Every structure is written in C-alpha cells, then in structure tokens.
Amino acid sequence: MRRTLFESLTHRPLTEAPPKADDSALAELAASVNRAARRRLGRSLAIRQVDAGSCNGCELEIHALNNAFYDLERFGLRFVASPRHADVLLVTGPVTRNMREALERTYNATPDPKWVVAVGACAADGGIFAGSYGVVGGVHAVVPVDLHIGGCPPNPRQLLQGLLALLERAGGT
Amino acid sequence: MASLLDIIPQGERFAHHRPWPRFLVTVEGWCYAAAEIARGRATLSGLWGDNSGGPMVHMAMLDDTTGEIAVISLPCPAGRFPSVGALHPPAIRLERAIHSLYGFEPAGAPDPRPWLDLGFWDVRFPLGANTATRTDQAPYAFLPVEGEGLHQIPVGPVHAGIIEPGHFRFTANGETIARLEERLGYVHKGIESLMTGATIEKAARLAARTSGDSTVAYGIAFAHAVETALCIEAPPRARYLRALMAELERLANNLGDIGAICNDASFSLMHAHCGILREEVLRAAEACFGHRLMMDRVVPGGVAGDLPPQGPDLIRSLVQQIRLRFPPLVELYDNTASLQDRTAGTGIVSAEFARQFGAAGPIGRASGRGFDARKMPGYPPYDQLDFAIPVLTAGDVNARVWIRIREVEQSLNLIEQILVRLPDGPIANSLDNAAAAGEGLGLAEGFRGDVLVWVKLDGLRVARCHLRDPSWFQWPLLEAAIEGNIVADFPLCNKSFNCSYSGHDL
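If you're matching them up, the sequences are chains Z and U in order. With my numbering, you'll find the first sequence wraps up at 174, consecutive numbering, no jumps. With my numbering, you'll find the second sequence wraps up at 1235, consecutive numbering, no jumps.
By construction, these hints were calculated from the structure, which means they are not laboratory data. One should not assume that every hint holds.
Computed Cβ-Cβ distance ranges for the label pairs, DEER-style [to be verified]:
| # | chain 1 | residue 1 | chain 2 | residue 2 | range |
| --- | --- | --- | --- | --- | --- |
| 1 | Z | E74 | U | P1041 | 32 to 38 angstroms |
| 2 | Z | V81 | U | A1066 | 30 to 36 angstroms |
| 3 | U | C960 | Z | T16 | 50 to 56 angstroms |
| 4 | Z | E8 | U | F871 | 45 to 51 angstroms |
| 5 | Z | E74 | U | Q1113 | 42 to 48 angstroms |
| 6 | U | I882 | Z | P14 | 36 to 42 angstroms |
| 7 | Z | L6 | U | D1035 | 31 to 37 angstroms |
| 8 | U | E1015 | Z | R3 | 30 to 36 angstroms |
| 9 | U | D1112 | Z | R79 | 58 to 64 angstroms |
None of these values were measured; they are calculated from a predicted model. Glycine residues also receive a C-beta, built at the ideal position from the N, C-alpha and C atoms.
Start from the sequences, fold in the hints, and give me the full structure.
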C-alpha cells in the first residue's frame, strides 16, 4: 500500500482540467459557478440521486462523475445519502408506477430551496418505455423538473455540463 | 451417457423452435420434469408465462455438464399449472411473477404473495388474457421472524448510494442478521409487454435497456434468439466484434466491481484506482464503437458498426496499460490485512445452494459452480479462443473478488486473441431475406452470468419475448449469504453479488 501511495505523490493528477474559458461552455459555467452559487449555497450543492426506473445505464455514468478524471467534488458538487441533506434531486429513468410514491416522498423530504434534474432520455418523457402499464412517464409527470440532461445514457461530460449550468441558474434566480 | 432428454417425457416437439428443442407436455410430464430438476438432474434456467397462443407456461432447463438445453411447455387453459416451486425453491419467485403478470395460478405453491406487482398498477395480471381492474389489495406481509430481542430495519426502495431501488427488510438481533427478506419490482417497466408486437429493431433496443450494465450481453442473447428463429447467422467478423465488445463490457464491470466492493469496506484507494482503469476501458469503447457502454452496437444479424482503423492499436495499448497497472492493485488487495479481515469469511454461499439455484457468474464460480455459457453450450467465436473459467469454493466475499480478478486477466487474454484472429468481411447480414420465422432461444454470458432470451416471431415482429436475467437465481442467495452476518457487512455482501434490479424487475 505504501508503494501505491508514494507513487501517487510523484504522479500528476489524472483529473482533467476544465477547458479554457474562451473555447468551451464548460469552462464558462465552471467559472460562473463560484460567483453564482456562493450567493445562495455557499459554493456547494448536495445531490441526492434517485433511480425511479432506470435500466442502470445512467447510474453507471453518474458514478463515473466521482472518478479521478471528472472529480465532481472539485466544483462543490457532492452526492449525499439522504434527501434531507440534499439541494438537488438527480432523477433517472422513466418513472415506474412502482416508484412514483417513493419519488414523491423523496421530493417531499428534500428541504427547500431544491432543484430537480431529470437525467437521461427516459427521464424526459419515458423514452423507449413510454406507454407501458408499468410506467407513468417522464419525471415531470410526478415532480416539477428544473433541468433535463439528455442522452442514453448521458456521458459524464454531458452530466457535468448540465450540473454546472444548474449551479449558475440556482444562484442566479 | 445420460441426456437431458431422458427427464422429458415424450411429447410433441415444436418444429420451429431452435436451436434447442421445445416439447409440449402434459400435467404429468410437467410434474415429472419438475421433480427431476428438484432431484438435481438438471438446472432450472427459466420459467415464464405466455399468452401469445393461448395460456401456457414454459420451463427451460439446462444440463450443466453437457450444456444441453431444453424447454417444456404446458398449456394451462384453466389458468392453473402445477407448482414447480413446491418441489424446487428456485422456481418460487418466477412463479409468483407469472401469477402477478398473467394471473396463472401455480397450484400448490408454497408462497402465494404477489411478486413485481407492488399494488400500484391500474390493472392486475397485465399480460394475461383476463386483466382485472385493481381492487384494494391486502398489505404485503413480510415473513414472520419470532424470538426475543429482535428488531426490524426497513431499507429502501430509495437507498443511500447511487444504486437501483429495492426494499430490504432486515430482522436483526443486536448487530446480527437473523433474516433478510427482499422485496423487488420497483423498476418494473413492463418490458415484455412493450416487446409484444414490436419490430425486431425496437425490440433489440428494449433488450439493450433491460440492464444497462449488461447491454452488450443482452444484445448478443437477443440477437442469438432472433437469428436462430430466422435461420440466419451473423457473419464471422460480427461474431468477433461482438465478443470484443462483450469482453470490454466484462472487463469494465469487473474492474468497477472490484473497486466498489473494496470501497464498501471503506478501502477507497482500490476504488479510486479501479475507477481509473474502468474509465479507460469505457473511453476505449467509445473511441472504437461510438458509445461508452456500447449500447445498440449489437444488432440482430450482426453489429451496427465496424472497428475504426486505429481501433486495434488503441485496444492493444489499453490491454497493455491494464496489464501493467492491475497487478499492483491485486497485490494491494491481497496484502492489506484490514481489507481481508472484512472480505474473508463474510457472506458465504454454500456450494449446494449455488448448484441448486444454478447461480451463474462470479457468485456461482466462487462457490464451485463453473458454468459459463461461453464454454457450455458455447457460441462462436469462443470455440476458437483459449480461455479458462476460474472456479473457487470458499463462497465468501473474498472468493467473489478473486473470481473477478481472474476474470479480468482472462478478458485481457481474450481481447488480445480476438484482435489477432479478427477476420475480414461483412459485419451484418440482412434479416429481410430470412427464409423462416419461428422461435429462438438465445444465451449469452454477461459479467453477471448467463442471460437467456426466448423469442417467438411473427414475421419480422415479436409475438412474445422473455428475458431472464441471471439475477433471478442470485438474489435469493443473498438472503441466505447474509444470515448470521452483521448489518454493517450487508453493503459489502450486496456489492459482492451486484445483482441487477432492472434486469430482474423487467
């Protein structure tokens, strides 16, 4: 273990620097994060992820946000274990009928101010699963949605861009 | 030599069912086969309802040693069939699901409670001939646990991590778990109802989204089923590209699981390093196939896209990198006593349970059941590739980690062989020229175990499709494995299983 730890000290971090402000929207958002979010949330958003019926593809990519390449926490964004600690609900999947009540309860357990981000094609309108007896539809059919991040599943970069955009909006309104 | 067919009573054989036979049986024949499975003469591989040609139940069985597979079908015009679960516990949840979805009653079943139907659908028996409007349903009764000093801990469906939803009801005595009971079905999307009447293209997209982490495995199993039903074959190059994608998927998932299991023992160093390797596999997959999870890249008839010119070199350098950086992590795992203290001896699955339930993947292989669909019954191109199936017998979390470590090494070897042998030629055959339409059974080995897909085609549309995730036979074993362990070790055990919720709930 000692060797692995020592090696980590001599290697450069893998975390990818956000692109420069002049050539990417990501950098623009990353730069505005501090200014906008500090006002309301002290530069930090706590995220509670809720799988409301996903195939688990979206979860894999949300997990990837925590790896060394994307390192979500450097932006002040972090995942928390309870909706009571959360500012943001990150909801995936078409909302199944079997998960509707759980999603509503999770939403109600989240203190205000709060934002809901619907992640993935299914969360927008039920996607390929729309119309089934087991599916209510998109997340907006159950709780109010502030932002949609598309993709099947969205890759970590798309997720990051969406979350950073939310930071700006959450602080700006 | 004994054959699987010996335990199937003589019955009419369906002419258009491929590649393994399907027989129509009587009630007596059904009961005989169920009793033989319960005696261990065959492994239960699937049990599902069907209403596409009158009410019927199908049971797939497998001979572990020869790889033979057969399906028997019992019409149940009165909506009843003899319970298999009464003789063979692994069938219980499958039967409960058949009842909840179709309304067919397993006569003599030991557990009449619904499964998948949590009381929220507008209708009861949504896939049956007689869907019923929902009337008030009695609250779900968890199994009783009696004794002094017991308390219950309800967990879920919304869990603490970034994980799929399910409900776990623990009954504990102090820290020690006396009973765990799972209640699943929260992510039931009605995939099989959406399949009915769908075009093959749409059905393939649904199959690819049954369990996102196994999207390639589902794609291959579905393609196998459709291709055999249509009597066509994917071209050799497509077979190799499928195997390449399947091994990349297995590699990414096993790396992710090894790290995540250690993380649940609070050893985040492994998690961080395995997470880096996993990410690099996904990036290579995106560069080569245009999608990090390679979703929709396997299609019936072949594959959706070819490897770009720089693909082989890119993947070779990925393999080289992992070969360089993975062994120190294995050493780290092996030499960290505090981590071993958590994983060794924790959450033991007995060899007997693994055999009885036909547990597949790392769960079966850590408990002495070496079944792997790539070897047995086998499918191209694995018959031309050299690889071993690691098997251990300890059955604990540690053994499940080691199986995954060995599988990472096997996948790396397989990927190199595939790149060397990758034949030239077309990557897909058209389905339009198919001579026949019938029924097909497809099997593919995902990182979790064998995925079984049964499809009945009506022209180029799906009349009925059943998808059986390996998790069906693994979830019940988690309940057994956790008994007598402490509550704090549940996340560790659960992660070492890593069963699919979505694949199970459908």
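Okay, the hints, checked on the actual structure:
no. : hint                                : result
1   : Z/E74 - U/P1041: 32 to 38 angstroms : 36 angstroms, holds
2   : Z/V81 - U/A1066: 30 to 36 angstroms : 31 angstroms, holds
3   : U/C960 - Z/T16: 50 to 56 angstroms  : 52 angstroms, holds
4   : Z/E8 - U/F871: 45 to 51 angstroms   : 49 angstroms, holds
5   : Z/E74 - U/Q1113: 42 to 48 angstroms : 46 angstroms, holds
6   : U/I882 - Z/P14: 36 to 42 angstroms  : 39 angstroms, holds
7   : Z/L6 - U/D1035: 31 to 37 angstroms  : 43 angstroms, violated
8   : U/E1015 - Z/R3: 30 to 36 angstroms  : 35 angstroms, holds
9   : U/D1112 - Z/R79: 58 to 64 angstroms : 48 angstroms, violated
Hint compliance for this structure: hints 7 and 9 are broken, all remaining hints hold.
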